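Peer 1: Residue numbers (full-length UniProt numbering), protein chains in the order written: chain C, 1 to 416; chain R, 1 to 416; chain P, 1 to 416.
Hint data in this document are derived by calculation from the structure and do not stem from the laboratory.
Here the structure is a predicted model, which means the values were calculated and not measured.
Treat the hints with care, since some could be wrong.
Heads up, the list lumps identical chains together, so a pair's fine if it works in one copy or across two of them.
With a Cα cut of at most 25 Å, we get these calculated SDA-like pairs of lysine to any residue [as the list claims (entries may be wrong)]:
| id | residue 1 | residue 2 |
| --- | --- | --- |
| 1 | 320 | 298 |
| 2 | 320 | 394 |
| 3 | 392 | 269 |
| 4 | 270 | 65 |
| 5 | 270 | 382 |
| 6 | 320 | 133 |
| 7 | 383 | 373 |
| 8 | 198 | 411 |
| 9 | 270 | 146 |
| 10 | 322 | 309 |
| 11 | 382 | 263 |
| 12 | 204 | 320 |
| 13 | 198 | 400 |
| 14 | 322 | 382 |
| 15 | 270 | 319 |
| 16 | 198 | 412 |
| 17 | 383 | 271 |
| 18 | 320 | 208 |
| 19 | 392 | 405 |
| 20 | 383 | 264 |
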Amino acid sequence: MELLTTNNVWMMLCTALVFFMHLGFSFLEIGLTRQKNTINILFKNVFIICVGLLMYYIGGFNLMYPGFEDGDFGFLKFAGFGIAAPENGMTPEYADGGYTWWTDFLFQGMFAATAATIVSGAVAERIKLGAFMIFTVIYVGLVYPIVGSWQWGSGFLSSLSIGEAEGFYDFAGSTLVHSVGGWAALIAVALLGSRIGKFSSDGKPQALPGHNIPVAAAGVLILWLGWFGFNGGSVLSADPAGTSLVLVTTCLAAAAGGIGAFVLSTILYKNYDLTMFLNGILGGLVGITAGADLMSPNEAVIIGLLAGIIIVLGVALIDKLKLDDPVGAIAVHLICGIWGTLAVGIFGSKAGFDQFLVQGLSVLIVGGFCVTTAFIIIFALKKTIGIRVSEKEEIDGLDSHEHGMDAYPDFRLNQH
Amino acid sequence: MELLTTNNVWMMLCTALVFFMHLGFSFLEIGLTRQKNTINILFKNVFIICVGLLMYYIGGFNLMYPGFEDGDFGFLKFAGFGIAAPENGMTPEYADGGYTWWTDFLFQGMFAATAATIVSGAVAERIKLGAFMIFTVIYVGLVYPIVGSWQWGSGFLSSLSIGEAEGFYDFAGSTLVHSVGGWAALIAVALLGSRIGKFSSDGKPQALPGHNIPVAAAGVLILWLGWFGFNGGSVLSADPAGTSLVLVTTCLAAAAGGIGAFVLSTILYKNYDLTMFLNGILGGLVGITAGADLMSPNEAVIIGLLAGIIIVLGVALIDKLKLDDPVGAIAVHLICGIWGTLAVGIFGSKAGFDQFLVQGLSVLIVGGFCVTTAFIIIFALKKTIGIRVSEKEEIDGLDSHEHGMDAYPDFRLNQH
Amino acid sequence: MELLTTNNVWMMLCTALVFFMHLGFSFLEIGLTRQKNTINILFKNVFIICVGLLMYYIGGFNLMYPGFEDGDFGFLKFAGFGIAAPENGMTPEYADGGYTWWTDFLFQGMFAATAATIVSGAVAERIKLGAFMIFTVIYVGLVYPIVGSWQWGSGFLSSLSIGEAEGFYDFAGSTLVHSVGGWAALIAVALLGSRIGKFSSDGKPQALPGHNIPVAAAGVLILWLGWFGFNGGSVLSADPAGTSLVLVTTCLAAAAGGIGAFVLSTILYKNYDLTMFLNGILGGLVGITAGADLMSPNEAVIIGLLAGIIIVLGVALIDKLKLDDPVGAIAVHLICGIWGTLAVGIFGSKAGFDQFLVQGLSVLIVGGFCVTTAFIIIFALKKTIGIRVSEKEEIDGLDSHEHGMDAYPDFRLNQH
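In isolation and in its complexed conformation, chain C is listed as follows (with noise of 0.2 Å):
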């Protein structure tokens, strides 16, 4: 009962921590976009984060769990409305004592809104609130809980299994929550199109810079911060061996993957570029987090230094592609989720040749279900509804169309 307390006081500190990420996201994104759109991407960041939770908590959690606990949870196997604790739920019989089935809950709640954020980054600035709404409803509650019972539920994924290859393996999602959300940020950002000026008439991509530079590298340290819960927590126990060197594996691939982007972008662009720095933290973040617990310290300085260089690289490609992502989301969480997912097969305690083509398989079956369902859905919202703001209301911004409401409205400046 006591290593009980203990685990489940970590995992709640660790909930509370992937909580807190989204005013990371929030500010992220914010900071990154213009002026006109701010109260949008707030409205929409906000929003995910209630429906998220109340989506999990009506079926997600129940879906991505499906056959947890003997039989107790069946696909959307509902106590009543909503949800409703096994027996032993709250003893250490449960899930080895490493916390409670309430716990249980809110951590993986507090993960599936994060593949919509991931969406959000991309869209903004010209997609229509209503349609990312029902898109997030239906991504959260159906398509991220889907995948994540694949191999976090047991799933095929966690049995897929090629020569010494024991099942894939995704310590903490750069590839179930992570690329998850880069997938449907990439459909998403070539159903929608690029946003008007972006790319000039011969194709040259534009700047268009964000309003507050600092709320986003804000954003991107509270991003840090709620990884230690978002590892820390996937050890899914206070284990110390685990939780502590996940977090050394975190905290030194962040590091080094700043280090990495700050490099390669002075290198190549001769000045120092704030944000390459700030996505190459994030890089480094995603990339860690499919083997964090599997790395040496070597290993994960290794793989950050690695993701900080995709970034920089990833961010010019995307730029060519003329897909118009304004906060670099599908650098940091599909390319670098990719590049975490299939570095576990090079590095770390289970690298090896079958072990890297279990993880380039999942990655191929978990990106080919997540584009077909984003298309469905995206496809038939812009067929029906419509996904994209009128051209005024793009120019005009979509806080005044949207939200009657401007972000600063009393700002003024200093007279003196």
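Dock chains R and P against the given chain C, drawing on the hints supplied.
Peer 2: Relative to the frame of chain C, chains R and P by itself:
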């Protein structure tokens, strides 16, 4: 001893989270008010934290828990100046091993300042700083701990019985914290009068928009995070079943509160109102606070949803009554505080008509005392040093007159 | 094992909180400086976190704890590249079961970057980024861990005895962290010279107000939160009596520091100075840091109050000496760091004249070393690559020249 250590870690974490709520309150208040009063509001909030802690140290704690631990603490009985721990204060004998005496003091001390913070938002942009500071010292130093002693200090409310109901119930302070602050806010707003320009000559409320909505939104997310500690710590130990249920009910009520306010305000006002969404979240949080440990997740969702609806109606009601509450503190903390307190008689494991009566009676008793004391203090201040700044000062903004400082003195627009 | 798990959870939480202090430092620095240098300051702070962690990983940790755990770690003795845990590093045998080896590394690593962050604020708005980065690498990578090894690595300061006093005492780093940073700040400011316009032709200090005071205030509250981990974690276990007392003394000193600075500055300058209030809080926090575990709450209040008074006088003194420290880092970290260190000889359970002498002597030894090394590094940089940006760059702002970026590039005023 292992369990005491774990419990104490949880309680210290919760203490830190409740402390952090003060940043949430500060952000919410400055975001929803005009730029010219920003320094003043920050000053008030920082003052409240410091003086709240010190007043609780000088006498509040002893006053709130008078008979606690076999008479070692009496009414204003100091061990010298300030506080001193009882002999067993660091052992598992103290408080059933839920925490140490030091943690007890600090956790409760962090709560104490909250009541005054609630008032701060409602009276913003027109109250004299000196008058507010005097009010804070008295209200935090005397009124809050006296009311607290009636229930949490094992006073008469805790044994107020009607029929089958055995005592008032207020888990984490819907009444003892939030409505204690809310009643004073109501009185203060009534005695202060509305801000210049808030009501037109024919009595219609005018929008006086705030100056930094992103910061207000961040404030709400920080407050939600803080509520993990506010409610989670009110279990007074790390008991796994208790704490993790409380976090689930707290978060579900917050999410449902947001959605409730969002849906109703969208229907009523035909636009996506971020401020209402945010206040709905806060309403859900305040609403669940009295019974967070008694409710099932389903009940928490219902309580939250209703709180969200109450917020939308409450804000309109306050406007109709020509009360000028710039941040919606009365609707959030007073009205939803009452709602949450009564909900303990309607939902959850203590529900029943007798309990409902006890809850209602306690709301009236606490309300009567708070209204009376707040009126005496504020009326006395009004008749002596005055509580309202001059018209010129209000129009110019309090920052330049009281602080000789702008909030963004060097802010410039981009010249490109 | 249960106790190790709990201790380790606490220490990981404290590690996360100390990490979060970097957001606090960043916010404080950008808030109190001019908008045109915001990107530059954020870049420096993000760089410090990343490179601080990586330097500590490459060699700092081994350097700071050279003889730790029976010779497994020597001076720059790597297990391959980077760090490697000893065999017992995850067992209760390590560090009396207070934490695992990984947690030890990460907690200490988060401390390491702090010293450079302190310097960052003092030299803001005029230092060359390249020079600052080189300085940071050397100071964090070598100077900080060498000084740390003298005390926390069981070096000669820890056994420096005079009469009855058995060794220097610095609980959480008033000297080893704060004044290590503060001395370097002093030297750097002296070698850099003041910002253009800071002193008029007749030598009078001019106000160069910052651009975002709310962000600076948020920074201070985040730093206070972080200090829960900074001091609370310095117990090096979750020992209930130790940790909870430390949080109480820390918070009371912070509150008293704020009130002390508020009262004195109001008397002296006849206005309610928010910046002074905030710096008083920081002064109280730095002041209690050396003896947070030795003091009673009453003593903590006195130490904090005096620290608040010292801040007001210290800021005036720095101005008088024509040193230009935009954020008050020297008064906060150096002067209050010395005050806190000496206070261990005056108050609390180690008080005594002999201890006072040991404390003072240690301040001088550490100060001598830091002044010397900082001077050598910065003077060498000055004579080679130069440490100060051109006059044009300083007037235009560092953001446009070094980063090609504005902090708020798309910020617009409300048109209504």
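Peer 1: Hints first: check each against the structure and report whether it holds.
Peer 2: Hint by hint, here is what the structure shows:
1. 320 <-> 298: Neither. Shortest intra-copy (33 Å) and inter-copy (49 Å) distances fail the 25 Å Cα cut-off.
2. 320 <-> 394: within (23 Å within a copy, 36 Å between copies)
3. 392 <-> 269: between (35 Å within a copy, 22 Å between copies)
4. 270 <-> 65: neither (49 Å within a copy, 39 Å between copies)
5. 270 <-> 382: Result: close only across copies, 23 Å inter versus 41 Å intra.
6. 320 <-> 133: The answer is neither: 29 Å in one copy and 33 Å across copies each exceed 25 Å.
7. 383 <-> 373: This pair counts as within: shortest intra-copy Cα distance 15 Å, inter-copy 62 Å.
8. 198 <-> 411: between (28 Å within a copy, 18 Å between copies)
9. 270 <-> 146: Answer is neither: 45 Å inside a copy and 35 Å across each miss the 25 Å cutoff.
10. 322 <-> 309: Intra 20 Å, inter 44 Å, cutoff 25 Å: intra-copy only.
11. 382 <-> 263: This pair counts as between: shortest inter-copy Cα distance 23 Å, intra-copy 41 Å.
12. 204 <-> 320: Classified as within; 8 Å inside a copy, 54 Å across copies.
13. 198 <-> 400: both (21 Å within a copy, 22 Å between copies)
14. 322 <-> 382: within (20 Å within a copy, 45 Å between copies)
15. 270 <-> 319: within (19 Å within a copy, 37 Å between copies)
16. 198 <-> 412: For residue 198 and residue 412, only the inter-copy Cα distance (19 Å) is at most 25 Å; the intra-copy one is 29 Å.
17. 383 <-> 271: Cα proximity of residue 383 and residue 271: across copies only (24 Å, versus 44 Å in one copy).
18. 320 <-> 208: within (16 Å within a copy, 44 Å between copies)
19. 392 <-> 405: within (16 Å within a copy, 28 Å between copies)
20. 383 <-> 264: The answer is neither: 42 Å in one copy and 28 Å across copies each exceed 25 Å.
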